[in-house]
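Number of protein chains: 4
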Amino acid sequence: MIKAGILGATGNVGQRFVQMLAGHPWFEITALAASERSAGKPYEEVAKWRLDTTMPEEVRKMKVVPTKPEAMDVDIVFSAMPAEEALKVEADFAKAGVIVSSNASSWRMEKDVPLMIPEVNPEHLGLIDVQRKKRKWDGAIVTNPNCSTIMMVVTLKPLMKFGIENIHVSTMQAVSGAGYEGVPSMAIVDNMIPFIGKEEEKMESETLKLLGSLEKGQVRDAPFWVSAACHRVAVLDGHTMSVWLRAKKNPSPEDVRKAFEKFNPKLSDLPTSPEKAIIVRDEPDRPQPRLDRMQGNGMSVSVGRIRAGHDNAIKYVLMGHNTIRGAAGASVLNAELLKKKGFL
Amino acid sequence: MIKAGILGATGNVGQRFVQMLAGHPWFEITALAASERSAGKPYEEVAKWRLDTTMPEEVRKMKVVPTKPEAMDVDIVFSAMPAEEALKVEADFAKAGVIVSSNASSWRMEKDVPLMIPEVNPEHLGLIDVQRKKRKWDGAIVTNPNCSTIMMVVTLKPLMKFGIENIHVSTMQAVSGAGYEGVPSMAIVDNMIPFIGKEEEKMESETLKLLGSLEKGQVRDAPFWVSAACHRVAVLDGHTMSVWLRAKKNPSPEDVRKAFEKFNPKLSDLPTSPEKAIIVRDEPDRPQPRLDRMQGNGMSVSVGRIRAGHDNAIKYVLMGHNTIRGAAGASVLNAELLKKKGFL
Amino acid sequence: MIKAGILGATGNVGQRFVQMLAGHPWFEITALAASERSAGKPYEEVAKWRLDTTMPEEVRKMKVVPTKPEAMDVDIVFSAMPAEEALKVEADFAKAGVIVSSNASSWRMEKDVPLMIPEVNPEHLGLIDVQRKKRKWDGAIVTNPNCSTIMMVVTLKPLMKFGIENIHVSTMQAVSGAGYEGVPSMAIVDNMIPFIGKEEEKMESETLKLLGSLEKGQVRDAPFWVSAACHRVAVLDGHTMSVWLRAKKNPSPEDVRKAFEKFNPKLSDLPTSPEKAIIVRDEPDRPQPRLDRMQGNGMSVSVGRIRAGHDNAIKYVLMGHNTIRGAAGASVLNAELLKKKGFL
Amino acid sequence: MIKAGILGATGNVGQRFVQMLAGHPWFEITALAASERSAGKPYEEVAKWRLDTTMPEEVRKMKVVPTKPEAMDVDIVFSAMPAEEALKVEADFAKAGVIVSSNASSWRMEKDVPLMIPEVNPEHLGLIDVQRKKRKWDGAIVTNPNCSTIMMVVTLKPLMKFGIENIHVSTMQAVSGAGYEGVPSMAIVDNMIPFIGKEEEKMESETLKLLGSLEKGQVRDAPFWVSAACHRVAVLDGHTMSVWLRAKKNPSPEDVRKAFEKFNPKLSDLPTSPEKAIIVRDEPDRPQPRLDRMQGNGMSVSVGRIRAGHDNAIKYVLMGHNTIRGAAGASVLNAELLKKKGFL
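Protein chains in written order, with our numbering: chain A, 1 to 344; chain B, 1 to 344; chain C, 1 to 344; chain D, 1 to 344.
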């Protein structure tokens, strides 16, 4: 078993890491790190558990440790750190020889750091060599995208062949994306908020790196643009997005539907990989977050309403579970790929 | 006082009509029409009142009448009828010499029927002559747009001078838009629905008629396209929309902001007209439905987040009260214009 | 396998029956009954599926049949019929030799009909003989209580030994209890409703029958009173209740806690029986519907906040899943007991 | 005009104070106090305004001051301080000769501090003399009850004549009662919480002081008990409560209804006093927070469902606006009474 630590283990995404790694066939949780004042106390005492499954037995009594490489006996850490802190902390771990599979945004856009979705750009793992040479690290940092970006990019990958020219995307995002205390009830009951800090910028930049090509140790951004408008709505889990897509080859809705259906990355040997990366729904009013977010154990992205737009554009709706497919599950799947490719 | 009747007086929009017309300086409610089985009973008995103001005294004991011209002593009727029924019923009233100010969709796209927003296209009232000649009616039908369209078009009017080329719009609409029983709580608590029947079609067509020019008794559609994606969210009242707008003159966000600020239709003599048709918000996270929908007594449209998009586009967010500005208030304002122009 | 039919198969509770019976080790769904206009069509076409698990393969193509004994080849039917219709329909099935495990309220308070919770009053099955003799039925009707009553009574059973004198109970019930379209979103977003039709009466009467003793073919009501106040809140699934209980022996909170913990009905051979009928929570703010309703696959009742009240009363909070433990799961568990006791 | 300051002016209740005092006929806002780091900045810059009316012009540019008597030129301060800080701060103001009308809980149960509802126990103002003598203050502290207590006690006052013996009360409280960030959306969307810290204790003790008699400079608690169970539900504003009341004279529901209707405290000369302190609703499903909370500008308490309980008890439901009648409005009404009685 590979020894796995979790950084930021008591928060929203940290708890999802615990939930997904408990009983994992390849990883064993050997360390749970949180803030200094939690260190030394049993996890069940410091983590206010808020998932609707029971806290796994194996972590209840585990003593929380400080967020330092020397405090943890691990081969890999899963990071749910806040961006400000992740910058230094994750580098410390990589320097100390640990693989860091991170959900934080700090390192995503660094040129020598893979920003990864196993179904989309597994070849970007090639950046690890570049990273290690440049930084003289024994470990490495591998990141997954922002929770909105990841859902959208999974659906864009099979459409790349049509020659994407531009994308307009409007998101309706769940409150869990802001962390447990991120959105007060007074802000969202009978309301929605047409703004999420830095979210539009992330969707507009990360997408191009993810769909870019690795050439001579560098990622060349995909040659199109994304224009995002991000909104918060009163949904617990599950980000929904409406997409307008223009592509050179002017695919028909049926072409797009087929491309989604045929998208079938060969990841069946990764335990967290869903049977279908994309599920196409034909009902007029699907996907919906409450009904569809747990498809593929929260790892499938559901699409629907594929239809013609103006100017030969395609319109469609996509939805995925933001703290599973869009966060903890994304990091775990990345780690599984790393193991398969021999990095662990 | 002008004698006013309300068709569909017991429903969501019908109750808003009652609320807005009770105490109105020009109109006096003289008849409340509803379904056959309500006829003959006092309004307070058949209307399950669901607004957070008290039912006006003047309508409590008023006997509900059947929806027929001969049953009502009125100069004008405000129609909150369902579309299927409005087609025939509204024509019956117009034929009988009554002015119909309608919120129903049935007649909106008829060539000789004005589709009106007083701040936007008052000159389209010219169609009434055409209508009366063609149909030999003594009355007339005047309509207001769909609740989403109306908010957006109020904000597009001052931008017409930039030479609009196309619009992408994503809506996040309140549940009251579907009528009191339209959206079950099980459909929307912890959920959103990426579909509203016929709504995208309405936004894409009505907008062009509203912003079109009246030439020789005909409306020539505005020369651009609108591509809409409509969604339902867990908000009681207030439709929010994100807009991407491309215009020939490539206005800057500041140009657009100024155009909104300077938009000042001369309607101060209409009682229901708000002080400002458009309110510009500079906070990064506004407008929001719960906080801003009652601005201008529910008749102002709030805009915010005016920013640059890709390809010289402008992005912004707009929000307005769907059952006031977007429905009952729209019909009442139309009626006030009709009175001012001498049709009543 | 026992051949099972579902009456009212397309509604909220009907879908739960389908979900719980698909793959059941003892029962096989052989017939799905719904309204006349659905008859003859495949289930997937007439049932708008609203659960967050996928519709089971085995029912998708099954043709819906009319709600008549002669149309169904079944040993047992699970009834999710509306009360008005259940009175006649369920009798028809019992007359035709079919066992009816009903969630409807129509027959619950009939003297010769068992009102059952397997953990509470399995001996009431003795009423079946009385029923068959009296009515000359080859089949039989067995009912489960109202969804609120069932949760409370599961927690009262282990407290009976303290000599219950009276109970005040205030419920905060989920919207799913009213059926899919029962509570419009406009009625409950930013709101609660302090009334549920007939609910207080049901809790006050059914409880006494359930906890009564079977003596000479008759149930003698339990000798205390229940005073209920029922409220609807914006929760999808999970009824929460606050209880004040007065008992002759003046048990301490610790006595009550122990009684809950030790309550361990021997039902481990019934597939739907949860490991623990009652789960005691010690956190100050639990149970909560979203976090605890799926405990025991939705069949456990969670209790918490056991504390002293005035006048030697005990106060506590209880919560359970209303459409599983409180409806479909209750009927299925009853049916499993019937099978074990040889009635099937 | 009386010079009024607001302590804690930027929070939820502080904003309500601003809203209610702006344009008040007797009071003029002369100082807004908040935390040290806000001091010196304009109110519009430090207060994130979250009410659905516009921030009053008169406070926008007002510089926020530190929470110290010497920093404020005031005759009275309205306190929305957190309980921990209010203990010392409010005493400092009273010592400095200022009247403190406080919504904080710190001083409520002190023997020489009036806990007041003008409609209920205006004679308790007599404690001010006791307080001033004992503490040698030129100013004074007057408090209003907890937001739940206040609603209930307004309805209990007219029932005192029946000889109240005991009360069971179950509350369903709005999220605004916990402050703007008090209840995360993840805690309450599709959920309710059966616990509010210290709330039950407050209801059980404050009620007795409020309904107690002032005898020889001391309040003698009312001679009955209150047993409360407090719950948080997904409502923005408006606390709803179900009450069971036992009284010696066994009043009928109709007796109770009449007592409510006849309750008519003579406060018409206080500007914030509602026309009716209690509004009786006869619909089976009222009062409801969203529909009834703004009755009497948020100062009326609505009651309904008056019905017979077991053991000669009376059951009823009550509801009032927790941040107006239950907080800011309560303090303002107290201050108006102080002015009328010559303390200002």
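Because the hints were derived from the structure by calculation, they are not lab data.
Possibly wrong hints are sitting among the right ones.
Intra- or inter-copy, both count: the list cannot distinguish identical chains.
Taking lysine-lysine pairs in the DSS-like style, the calculated list, with each CA pair at most 30 angstroms apart, reads [what the hints assert, rightly or not]:
(1) 266 with 48
(2) 95 with 266
(3) 258 with 68
(4) 248 with 136
(5) 198 with 48
(6) 198 with 249
(7) 262 with 88
(8) 276 with 133
### Intra/inter-copy verdict for residue 198 and residue 48 if alpha-carbon distance must be at most 30 angstroms
both (28 angstroms within a copy, 20 angstroms between copies)
### Query
Is it within a copy, between copies, both, or neither that the alpha carbon of residue 198 lies no farther than 30 angstroms from that of residue 249?
For residue 198 and residue 249, the Cα distance is within 30 angstroms only across copies (29 angstroms; inside one copy 32 angstroms).
### Query
Under a CA distance limit of 30 angstroms, which applies to residue 95 and residue 266: within one copy, between copies, both, or neither?
neither (32 angstroms within a copy, 57 angstroms between copies)
### Homomeric proximity label, residue 266 with residue 48: Cα distance no greater than 30 angstroms
Classified as neither; 38 angstroms inside a copy, 33 angstroms across copies.
### Task
Evaluate residue 258 and residue 68 at a C-alpha cut-off of 30 angstroms and name the case that applies: within, between, both or neither.
Neither: 48 angstroms inside a chain and 43 angstroms across chains, both beyond 30 angstroms.
### Query
At most 30 angstroms between C-alpha atoms: does residue 276 with residue 133 qualify within a copy, between copies, both, or neither?
neither (36 angstroms within a copy, 56 angstroms between copies)
### Query
Using 30 angstroms as the alpha-carbon threshold, which applies to residue 262 and residue 88: within, between, both, or neither?
neither (41 angstroms within a copy, 49 angstroms between copies)
### Same-copy or cross-copy closeness of residue 248 to residue 136 [CA-CA at most 30 angstroms]
For residue 248 and residue 136, the Cα distance exceeds 30 angstroms both inside one copy (43 angstroms) and across copies (52 angstroms).
Hints 1, 2, 3, 4, 7 and 8 from the earlier list are contradicted by this structure; the remaining hints agree with it.
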